[in-house]
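**Student:** For reference, the chains in residue letters:
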Amino acid sequence: MVTSSSLVYLIGLPLFGAVFLLLIGRKADKWGHLLATAMSAGSFVLGLLHFFAMTNRSTEDRAITQTLFTWIEVGTFKVDAALLLDQLSICFVLLISGVGTLIHIYSISYMSHDENRRRFFAYLNLFIAAMLLLVLGNSYLNLYVGWEGVGLASYLLIGFWNKKPAYATASKKAFVMNRIGDMGLSFAIMIAFATMGTVSFEGVKESVDRVGTPALTAMGIMLLIAAAGKSAQFPLQAWLGDAMAGPTPVSALIHAATMVTAGVYLIVRSNFVFDAAPTAQLLVVIVGAITLIFGAIIGMAKDDIKKALAASTMSQIGYMIVGAGLGPAGYAFAIMHLLAHGFFKAGMFLGAGSVMHGMNDEVNMRKYGGLRKAMPITFITFGLGYLAIIGVPPFAGFYSKDEIIATAFNSGGAQGIILGSITLLGAVITAFYMTRVMVLTFTSKARWDAGVHPHESPALMWLPMAILAIGSVTAGYLFTQGEALVHWLSPLFAKKEEYEELLPHSVVSILAISAVIIGVSIALAKYQFRPVAAIAPTDVSFATRLARNDLGQDVVNEAIFMRPGQGLTQGLVVMDEKVIDGAVRGIGAMAVGSGATLRRTQSGYVRSYAALILVGALVLLAGIWVVTQ
Amino acid sequence: MGTFTSPILNYAMLAPILVVLAGAVVGVLIEAFAPRKSRASSQLALSVFTLVIALAALVRTRGTYSSKAAMNSVTFDGAGYLLQMAILIIAIIAILLLADSDKFAAAPTAAPGSDEEREAQAANIRITEVYPLTLFAIAGMLLFTVASDLITLFVALEVLSLPLYLMAGLARRRRLASQEAALKYFLLGAFASAFFLFGVAYLYGYSNSITFSGIAAAITGGTANDVFLLVGISFVSVGLLFKVSAVPFHSWSPDVYQGSPTAVTAFMAAATKVAAFGAMLRIFYVAFAGDVWQWRPMLTAIALITMVFGSLVAISQRDVKRMLAYSSIAHAGFLLSGVIALNKSGLDATIFYLFAYGVATVGAFAIVSLINDSSGEVTDLNRWAGLGKRSPWIAIAFSFLLLAFAGIPLTSGFVGKFSIFSAAYESGNTAILITGVLSSAIAAFFYIRVVVLMFFKDPVEDGTSVVIPSIYTRITILVSLAITLILGVFPAPVLDYISQTAFFLR
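These protein sequence lines are chains A and B, in that order.
The first sequence begins at 1 in my numbering and counts up one residue at a time.
The second sequence begins at 1 in my numbering and counts up one residue at a time.
Any given hint might turn out to be false.
[Said to hold, decoys possible] Restraint ranges, calculated between C-beta atoms of paired labels, are given here: (1) A:P214 - B:K344: 38 to 44 Å; (2) A:V176 - B:G463: 43 to 49 Å; (3) B:V467 - A:G604: 49 to 55 Å; (4) B:G463 - A:S594: 50 to 56 Å.
[To be verified] Cut-off 25 Å, straight-line C-alpha distance, at most; resulting in silico cross-link-like pairs (DMTMM-like, lysine to aspartate or glutamate): (5) A:K373 - A:D275; (6) A:K173 - A:E206; (7) A:K205 - A:D304; (8) A:K163 - A:E483; (9) B:K457 - A:D361; (10) A:K78 - B:D319; (11) B:K344 - A:D114; (12) A:K78 - B:D462.
[Unchecked claim] Sample of chain B residues at the chain A side, in silico, Cβ under 10 Å: (13) R126; (14) L183; (15) L230; (16) S234; (17) G290; (18) W293; (19) V313; (20) I315; (21) A482; (22) L485; (23) I486; (24) F490.
Calculated from the structure, these hints are not laboratory results.
Glycine included, each C-beta is placed from N, C-alpha and C at the ideal position.
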C-alpha cells in the first residue's frame, strides 16, 4: 500500500531525470530519452497506485499530506513545504503524468533527428516535475514555486529551436505576458498573508469567514489575473498562438493538455475564495465567456493548423473558466471538461505533429488536403478527437460541454440566458472551425506542394495518438456514469444550491446537438463541396482580416502597453541617467573620496596607530563620562 | 589566614582546552625530536587529530554544561559551548591551509635578505613550528570565551595573542612586510593589553571582586564609586575592541592582515574574531549588563563609526587582503550591534553571525592564497581582472563568498545580517539599524566591484596564474562554501539550535 511518504517521489522522479540529464551532458545522448520517459512513467504508475489507494479510503480520509520540511518560519508565520494529494490533485496527477508519458513516447520518434534531444527530454521532465508540484503544493506559496517552474519549462521549450529569432521572440513574449499573471498570483498571496496571516489552502479556507468581502474580492481578482496569464484568457491571451513555435509535442503537452489549464486548477482550488466574493466570481465568468468566443473566432480564420488548434484551446479553456466561475454548480464540470480536453486536444496536437511530420513540416492547412488515404491512422485518431471536441455524443466533449452549457443556462435570470446563449454560440463556432480543420487537412482534394510525399508516422508516434483517442471516446462516458466525477470531487466544494431549471437537461442536449449540426453543415458547405484555394485569398472581408490578425490583440497590446511602456522606459532612462545616476555617481564619488581621505589615517607608523588608540580610549572615557553626568 | 580549599577543576568541562594544550605540547616535542623530513606530515596529522578530539570532548559535554569550574574562573554554559564549537570548527578547516608549507619562511629568525636566510631557502627548509603555535592560540581562544573572571580573561588573551604575533611574521615572501606586521601587532597588542589590565584594576577597585558575577552584583548594589566602574569599563573595552579591530582601535589590522602569511590571516581573521566577540558578549551580557545605560551610547557610536569607516575605506583599497581587512572591520561594526542589543536575540544572532562570517572568511583567504605569480601571491586587485575567464570555478567560489560578506540572500551572510539587525531593532536601536543597512549597501559596492572585475574585465597577461589547490586547501574551500550555502538556504535548524542552546550562566 502506498503511503503519504511516497508523494515526494511523484515529483522527485522526473526532477531527478531533468537534473541528471542536464548535468551528465552529451554522454547521455544515446539513452537520455529512455530515462526521461521511464521517470515520467514511474510517476504515472505511482500516481495510479495512489489513486487506487485513495478510492479504498473513506471520503473523509481521502486527502493525504506529506510535510517535507519547514520552508519559512518567521514568528507565528510558518510555511511548510508540504504536498497535498486530494480528490482534485489526483485527477491532475494522473492527467499530467499519463498524457505526459504518452507525449514522452511520441517525442522519442518525433525528435529523433534533433541533436539536442536529450536536452529536450530533460526540459520535458522538468516540466512534469514542476507541474506536479503546482498541483500537489498544499499552499499558495508552494503552488507558486511550481507555477514559476512550469513557466520556466514552457519558456525553455517554446524557444527550444532558438536559433530562429522568431522562435526566441515567441518564447520571450510568452514569458513576459506570463509575468503579468505571475504578478497577480504574488499579489494574491500577499493579500492572503496580510489579511489572513496564512497562505495554505487549508488556512485560507478557514479564514474566509473572518475576512471582509473587499479583501476576498481583491484576492479573487488577483487570482483571476494569474489564471488569465497562465491559461491564455482575455486579456492576456496573446502569447498562446506564438507559443506554437515550440516543437509540437510541447504544444500538445504544455500548451494544450496541462500547463494552460493551471489557471482553471487555481480557480477551482480557490473555490472558497470565489464563493465568498461574488464580484470576482462574476468577473471569472465574464473573462471565460469573452475568451470562449474570442478564441473561437480566431480559430475560424487561421490557416496554420497549430495556430487553429491553439485558438481552439483558448476557447475551450474559456468554457472551463465559465464553468469554474459558475460556483459550486460548475466546478466539477470545469474539471471534467479539462480532463476530457486534455485527452482530445493532446491527441489532436499529436495528430497535427504527425501530419507535419509527413508533410515536410508544412503547417499551412491550405497546402494539405486528402490526407485521409495517406495517413489513415492519423486521420482516425484525429477524427475521434474532432468528434469529441465538437461534442458529438457519446464522445467526451459532448458530456462535459453539455453540462457546462446546462449549468450556464440554469445560473439564473438574464445572466443565465446570456451565458447560455454565448456557450451555445461557442459550440456552433467550434463545430465550424474544427470541421474546417478536418476538411482542409484530411477530406478535401490534395493541394500538396511539389515533392511532398505524405506517409504515415511510425508506431512510436501513432500509438500514443491511438491511446489518447480511446481516452477521448470513453472519458466522457466514464466520468458521467452515475455522476462519478461529480461525486468524487464534491467533498471539496461547498454544497450546490438548489435552483430552478430554466431549461430541462434534455432540451439543452438537443440545443447543443443542433448547434453542432449547424456548425458542421456550414463548414462542409464552404470547404468540402467547394474547391479550396492553396493560397489564402486576400480580398476578404474586414472581419476575416481582423480574425486572421488574432482580432488585433497584438495591435492592442502594442498600442496600450508596448508604446506607452517604451515611452515610459525612455523617460525613465533619461531620469535614471540624469537624476538617479547623477545622485549615485555623486554619492559614489563622495564615498570613494571620503574613503581615500580616511585612508590617510593609515600611515603605517606604529606611533600614530598607538596615538590613535590612546585618543580613542580617552574619547571613550570622556564619552561615558558625559553620558553618566 | 583562612583554610585552603582545593579547587574543583571539573576536567570533563575543561577537556577541550586541555586536549588542545596537550596537542600543542606534543607538537613542541615533535619539533624538538622528530626528524625534519617527517615533521610536516606528523604535525598536520597531530593538529587535526587534536582538534577533532577536542571537538568530540566538547560535544560530550553537551547537555551537562551550566556549571562553573576552577574556582569560578571559568563558566561552562550554552553560549560558551556554541562559541567553543565555532572556534574548533573554524580552526579545523583553517589549519588545513597551513599544510602549504612553502608559504612559510625557511628561517624566520634570520634577518630578511641575509645570507642565513638564503642558505635556509636554498636548503629548502620547511618550518613547522606554526602548528604548535596555532594550537596554543586555539587553546587561548577556547579559554577566552568561557573565562568568567578578569584574571583568567587576561591570561587567555595573552595565550591567544602571543602565538599570533609570532605567526604573523612567518611569511616566506615579502619578509620585511611580514616582520613589520608582526612587530606592529605585538607593540600595539601590548599597548592594548596594558589598557585592558588597567581597566581590570579599576574594576577590582570598584567591586572588590574579579569575577563577572561579583562585578554584576556590585553594579546592582550601586553603592561603590562610579568613576572606578566607568574607567574600568572603558579600558577593558579598549582591550577587547582592539582585538575585534573596531574603529579607532583597528589600525593594526590592515597592515597585519596584509603582511601575515595568508593561511595565518585566514585563521586569525576568523577564529580571533569569534573568541574576542565571545568574550565581549560574556563580559557585557553578564558583568556590565546592569550598567547598560552608561556604556550603550558610546559602544553604539563606536559600532556606527566602525561600520561606516570600514565600508568606506574598503572602497579605495587596491589590495585584496587589505580590502578583506577593512571588510572585517565593517563586520566588526555589524557584530557590535549584536553585543549592544543586549537581548536574547542579539546573543543568538551574534553567535550565528560569528560562525557564518568566520567560515566564509577562511574560505575567502584560502582562495586568495591560490592566486600566484612567480614571486608569490598576487594580492593586487587589478591583476585579478578576468579571473572568471581563466579559472571560472575559483572566481565563482570567490564571488559566492564575497556575496556572503555582502549579505545577499541564499548565503549565510544574509541570514546573519538579517538576524543581527532585527535584534538591534528589537532593542529599539534604530540608529544601528539604519546605519547598518546603509553601510551594508556601501560594502556591497566594493564586493560586487571585485565580482565585476573578475568576470567582466579582460584578463591581463602578466604571469598571474591560479595554482592547483592542494587537497587540503580544496577541502577548506569546499567546506566553507558548503557551510555558507547551507546556512543561507536552510538556516532554520542552526538558528533553532542556537536559540535553544545559547544562554549565559550568570
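**Student:** Holds or violated: L485 of chain B as interface residue toward chain A, Cβ cutoff 10 Å?
**Tutor:** Because about 16 Å separates L485 of chain B from the closest Cβ in chain A, which is outside the 10 Å limit, the hint is violated.
**Student:** Between the alpha carbons of K78 of chain A and D319 of chain B, is the straight-line distance 25 Å or under?
**Tutor:** The hint is violated at about 44 Å.
**Student:** Mind checking the hinted window 43 to 49 Å against the Cβ distance between V176 of chain A and G463 of chain B?
**Tutor:** Once the Cβ atoms are compared, 47 Å apart, the range 43 to 49 Å for G463 of chain B and V176 of chain A holds.
**Student:** Next item in the hint list is A482 of chain B. Is there a CB on chain A closer than 10 Å to its CB?
**Tutor:** violated, 18 Å
**Student:** Please verify whether K205 of chain A and D304 of chain A have alpha carbons no more than 25 Å apart.
**Tutor:** Answer violated: K205 of chain A to D304 of chain A is near 44 Å, above 25 Å.
**Student:** Hold the hint about L183 of chain B up to the distance rule: shortest CB distance to chain A must be less than 10 Å.
**Tutor:** At about 8 Å, which falls below the 10 Å cut-off, the nearest Cβ of chain A leaves the hint on L183 of chain B intact, so it holds.
**Student:** Would the stated hint for G290 of chain B survive a check requiring a Cβ distance to chain A of less than 10 Å?
**Tutor:** violated, 14 Å
**Student:** When you check the alpha-carbon spacing of K373 of chain A and D275 of chain A, does it fall within 25 Å?
**Tutor:** Roughly 51 Å separates the two Cα atoms, so the pair is violated.
**Student:** Regarding the hint that I486 of chain B lies at the interface with chain A, is the smallest CB-CB distance below 10 Å?
**Tutor:** violated, 13 Å
**Student:** Straight-line Cα separation of K173 of chain A and E206 of chain A no greater than 25 Å?
**Tutor:** violated, 38 Å
**Student:** Let me know if the C-beta of W293 of chain B comes in closer than 10 Å to any C-beta of chain A, holds or violated.
**Tutor:** With a minimum Cβ separation of about 8 Å from chain A (threshold 10 Å), the hint on W293 of chain B holds.
**Student:** Is the gap between the beta carbons of V467 of chain B and G604 of chain A within 49 to 55 Å?
**Tutor:** Violated: the Cβ-Cβ distance is about 30 Å, outside 49 to 55 Å.
Hints 3, 4, 5, 6, 7, 8, 9, 10, 11, 12, 13, 17, 21, 22 and 23 from the earlier list are contradicted by this structure; the remaining hints agree with it.
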